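Numbering-wise, full-length UniProt numbering puts 204 at position 204 of the sequence shown, and it's gapless, one number per residue.
Calculated directly from the structure, the hints in this document are not laboratory data. Being a predicted model, the structure only gives us computed values, none of them experimental. Among the clues, some could well be false.
[As the list claims (entries may be wrong)] Ranges between beta-carbon positions, derived for each pair:
(1) 43 to 251: 22 to 32 angstroms
(2) 251 to 91: 49 to 59 angstroms
(3) 213 to 370: 26 to 36 angstroms
(4) 165 to 251: 54 to 64 angstroms
Quick reminder that beta carbons are idealized off the backbone N, C-alpha and C, glycines included.
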Amino acid sequence: MAVDSDASIDAQFDAIDWEELGEERPVVGRRTGGFLVALGLLTLLFLYDRFTGYDLSIGAWYAPSRLDWLFVLSLVVFAFAIVVPAVRNRDRTMQYWRRFRRNRLAVACVAYLAVFFVLGTASLLVLDRPTTNIQYAKQPALFATVEAGTVAINCAGDVTGPAVQQYCHGSLQFPFGTNSVGQSVLELVVAGMGVSLLVALVTSMLMVPIATAVGTVAGYFGGWADDVLMRYVDIQQTVPAFLVYIVLGFVFGQSLFLIILVFGLLSWGGVARLVRSEVTQRRGELYVTAAESAGASRLQIVRRHILPNVSSTVLTATTRQIPLLILTEAAISFIVVLGDENVPSWGQMLTELNMELWWVWAFPLAFLVITVFSFSVVGDALRDTLDPRGKP
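Build out the structure end to end from the sequences listed, making use of the hints.
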């Protein structure tokens, strides 16, 4: 039964409604129209916030920054590019899900990434930034114990032992403990999720359209267009994005925005090559040749038959690129190149390598490893799910 289900997916994926080629279709579909409306509303809100003198602060604690606007834009793109098609094609989505859930580790990783997404979004758009509280600095994590003299002033948990050798125990008030300035490590970890999610989502939003456009044009048209575009990709991949960030950082100042911009504009070469390879293969398929013979224009063929069939390649390649982006941002923050103390990155938290306060860096490190591992596993599982013929 599973074989029949998988076969039906592949059959549907390459199917063409020949009558549709001769029908008049609206220039802008409902999904595209909805996206344009959402984009227009978001643009109006941004312009109102930036140029009218009246910001869109929510209460007294949240005023959107330019990174917040980019993040919301990325959410809109994600919704219309991934969520809406998945909901509209429920049968195919369920078939893919039945194939995907055979990998139980991948399902567990998806569950973690769902929590990661919700908490990261909340930290960016809803939650306050972690605040300092010297009164409760250096509090141990729950179930951990330190000498009472280690904590700065007060112990939030129980204090045990004789007067000459007292110990401070962890508490539910600070389950992950606090750092040397009294910030809750749990709040910092959640804030770090927001930074990692921001980097992953916004950078992908920059990478995917460029990689898809370049790979599609090079693969479908070939000839001089292919030569020029792939030669540029060769040149781009010889220049490390990290080095470009260092140079631009000295000119414009280091920031998270610059990290996203540089890596989003310079890290799409590998994805473009995969798209080109897939488009070149699809271009020679019989259903594309038949569509050309039926009078379909190049734009129609690319939009209706080429792009839908390479979307799985783009999704898989991008998902597998995200762990590298998260690790890169953490590494830059760790070596203090980011230069923005207000960005609670996991990499920045790892700079507090103090064995006496092990919880300050151990929890961020654990979540960094789990997040990178989860994206890697899900990326591999998506590859096997969307293209089972590529499995060894």
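Quick rundown of the hints versus the structure:
Taken as a hint, the range 22 to 32 angstroms holds for the pair residue 43 and residue 251, whose Cβ atoms sit roughly 29 angstroms apart. Residue 251 and residue 91 have their C-beta atoms about 52 angstroms apart, which keeps the hinted 49 to 59 angstroms range intact. Separated by about 34 angstroms at the C-beta atoms, residue 213 and residue 370 satisfy the suggested range of 26 to 36 angstroms. Between residue 165 and residue 251 the Cβ separation comes to about 55 angstroms, which falls inside the hinted range of 54 to 64 angstroms.
Hint check: no violations occur; every hint is consistent with the structure.
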